[in-house]
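**Q** Residue numbers (the numbering used here), protein chains in the order written: chain A, 1 to 245; chain B, 246 to 490; chain C, 491 to 702; chain D, 703 to 914.
Hints in this document: simulated from the structure, not taken from any laboratory. The beta-carbon is built from N, C-alpha and C at its ideal position, and this holds for glycine as well. Among the hints, erroneous ones may be present.
[Claimed, not checked] Heads up, incomplete: computed chain B residues facing chain D, CB under 8 Å, no partners named: (1) G262; (2) A326; (3) G378; (4) N429; (5) E456; (6) L460; (7) P471; (8) I473; (9) F474.
[As the list claims (entries may be wrong)] A few chain C residues that don't get close to chain A, going by computed Cβ distances all over 10 Å: (10) K505; (11) D613; (12) G668.
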Amino acid sequence: MEAQRLESGRQTKKGRGMINKIVGSMREAVSDLHDGASIMISGFGEAGVPAELIDAVVEHGASGLTIISNNAGSGEAGIAALIREGRVRKVICSFPKMAASHHFDARYRSGELELELVPQGNLAVRIQAAGSGLGAVFTPTGYGTLLAEGKETREIEGRHYVLELPIHADFALVKARAADRWGNLVYRKAARNFGPIMAMAARQTIVQASEIVPLGALDPETIVTPGIFVNRIVCTSPALTADAA
Amino acid sequence: MEAQRLESGRQTKKGRGMINKIVGSMREAVSDLHDGASIMISGFGEAGVPAELIDAVVEHGASGLTIISNNAGSGEAGIAALIREGRVRKVICSFPKMAASHHFDARYRSGELELELVPQGNLAVRIQAAGSGLGAVFTPTGYGTLLAEGKETREIEGRHYVLELPIHADFALVKARAADRWGNLVYRKAARNFGPIMAMAARQTIVQASEIVPLGALDPETIVTPGIFVNRIVCTSPALTADAA
Amino acid sequence: MYRMDRTAMARRVAKDIPEGAYVNLGIGLPTTVANFLPTGKDTFLHSENGILGMGPAPAEEDIDWELINAGKQPVTLLTGGCFFHHGDSFAMMRGGHIDICVLGAFQVSVTGDLANWHTGAHDAIPAVGGAMDLAIGAKKVFVMMDLLTKTGESKLVSKCTYPLTGLGCVSRVYTDVGVFEVGKDGARVLEMVEGLTLAELSYITGLKLALA
Amino acid sequence: MYRMDRTAMARRVAKDIPEGAYVNLGIGLPTTVANFLPTGKDTFLHSENGILGMGPAPAEEDIDWELINAGKQPVTLLTGGCFFHHGDSFAMMRGGHIDICVLGAFQVSVTGDLANWHTGAHDAIPAVGGAMDLAIGAKKVFVMMDLLTKTGESKLVSKCTYPLTGLGCVSRVYTDVGVFEVGKDGARVLEMVEGLTLAELSYITGLKLALA
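The whole structure should be built from the sequences, with the hints applied where relevant.
**A** This is the structure in structure tokens:
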């Protein structure tokens, strides 16, 4: 059918449009946070934590936040700072107890901070369920334990499962190694961790990238997070932004 | 704690072991197929179809097979040949109707071939559920349609979902662009399609790679299928195997 | 009555796709919408078989059968595009990441039910592909179809008689004689071709239609 | 009674990890098993934070804090290793792709129940990490622990009193005085340190034990 033929060469192969998700500052990147927002934060230990974006959240001042992350902060910076400043209402995480998690510990023990403790793989799969539009999943992890108490269970093909619901978020803060103006991302080593799946699960994904590269500089075969999952990018070395974007 | 310290440099950085998943021929790669086996086959249209491995399955002679693939064969080769030869008992796919799917059409109409028609995204997510150990998932796709008839449904947060079970398989046949001896894989363009998720869902994953490369030649950041999901690899250009492995 | 040809319809749909949108164009007529997206603007075409940033058809000599669209036609990749597996591709749809999807249809109901995968014929070989995932996954589903069948029946109906693809999923219907909004509150006419009246449109569809 | 030290225990566990196995070593004592895997053989170490093919600790000058293990210690990547995200990493565990996982424990029951994440203390801050995923996901779960607590109670028990990590998930228990098989049919002794008798072992554990 003639009408159904794709025309050749009508668009040039170079994306000549102007879509540019790069913003100029950390402050601008988090400007539309709001009180009561839920925020996913990538990272495992220190690897992959978007430290500068979290600093900007502290500065922004939004409070009553729900933080979804593997850990609940350590020392004085990052999530620990948000908790210390009393901005966090609830933490959803797998491992809040760290060597220097004193700010979490204090607020948790005083009852000011709600904790939803989730096995790490259930945290991952619930985030994935949100990103991929599933209503719920039956996971074997946690069956028969305290962390499945009160949850629906089911035996399927001789194995026991717990029904777990997706975890959505208003925002995801993600650290990447490099990004282009369409929001395509690559990561570095074990700093990848929760970044790609959180980027898929939040309504707004905000990325801090160590480097901004020109469109086309990332190999299409090796992009880990396609730009469709990214809303805003800010470079941690602003000098590198000007060169490339 | 002294005892809990990881020792440095005890293993050399070069993997000096002998694990080698490469086999010498297509015939050897499929030698342990059995009658009644379920086999996932990658590919969308012609892209990513492991044609040579399917030829080897035809030659092997196993019958009573369940084929899990996006399509159900076209023309005279590949899945169409398996169906023509009467080897296939059941097809699980999303799109069996093709311009030249006459072998499928004939066996289906005669009642010799069972068809489980699955929306493409449910096919993907059921394969993913199998690969990632989930017992079942609630998916919105197909709700209220013929393809959800008789299936459990549930309303979650105001949206309707259908409960779908994982699709496991005895074997997956996958086409990759390049592989190393540990089974790490990369793909080419839209030939990637079902390969990575099928490799995760089968008990035995058999790969035909256009090229075998030495261990370390694939960038650890850009490996798409980690070797843990791969059991056997055969090169479609055997000359390239000898060089690299 | 003046009727838009397929080119005019594709052009009309393209007008409603804003820059920056992530778009999936269904097999057949919807695919041609790509030909009318403005040049010099970034629109992101998604293909279910694992492509984002799909470009136009290649020159004959550049055809690569591992770079095809959902209709199995050769395509190209724009600079900045990328590849991913079927799991991620359908997560983009099911997860609500695609802004607009354009589909053909046998029937659309005034409440937005879609029938586009099966005629219901007893002896037909059923095939669904990604139709159901697209129908329920995209933020907005645009349908593109002639308003009437070859035998003159309206394809915009009060209730679909063909097997459904998805319930209440269609936002807009672009036809050869007008554009309709459908949904919980029923169908409303957004545009009509010149010379057509609301009364005539109501008559040929057999529906109680109002202007939006 | 002779007791193996931690080095001997790690060496003993390492002996039961065959070449080619995909292995996850838990935080703490199990991590040290890596030091006793034979050189010149390919064993694939998985780390929950997205690493397969994990190598030994780096020299001081090569430490990279974006290349750490589950215990947040700096590690290296073997040639042929790779990185992936948390979704894929836990799919490897939950999906049964890891052959062996080695974990510490507070208690293991004779039927293979595992308690290793929480002492149940009222004021403790609970933290679970990947413990529950590892417990139920790996094909074989090896536990590595001293048989007795500091106060002399057996950690191999008929029924765990600490909160559970997983039900019936442990295959073997490697202790300082012997190796046990646990499971549906109860606990059986595979090995004992020299000089220990089955009667003594039964006495100190308070369990009815048999040789395998």
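**Q** Identify every previously stated hint that the structure contradicts and give their numbers, smallest first.
**A** 2, 5
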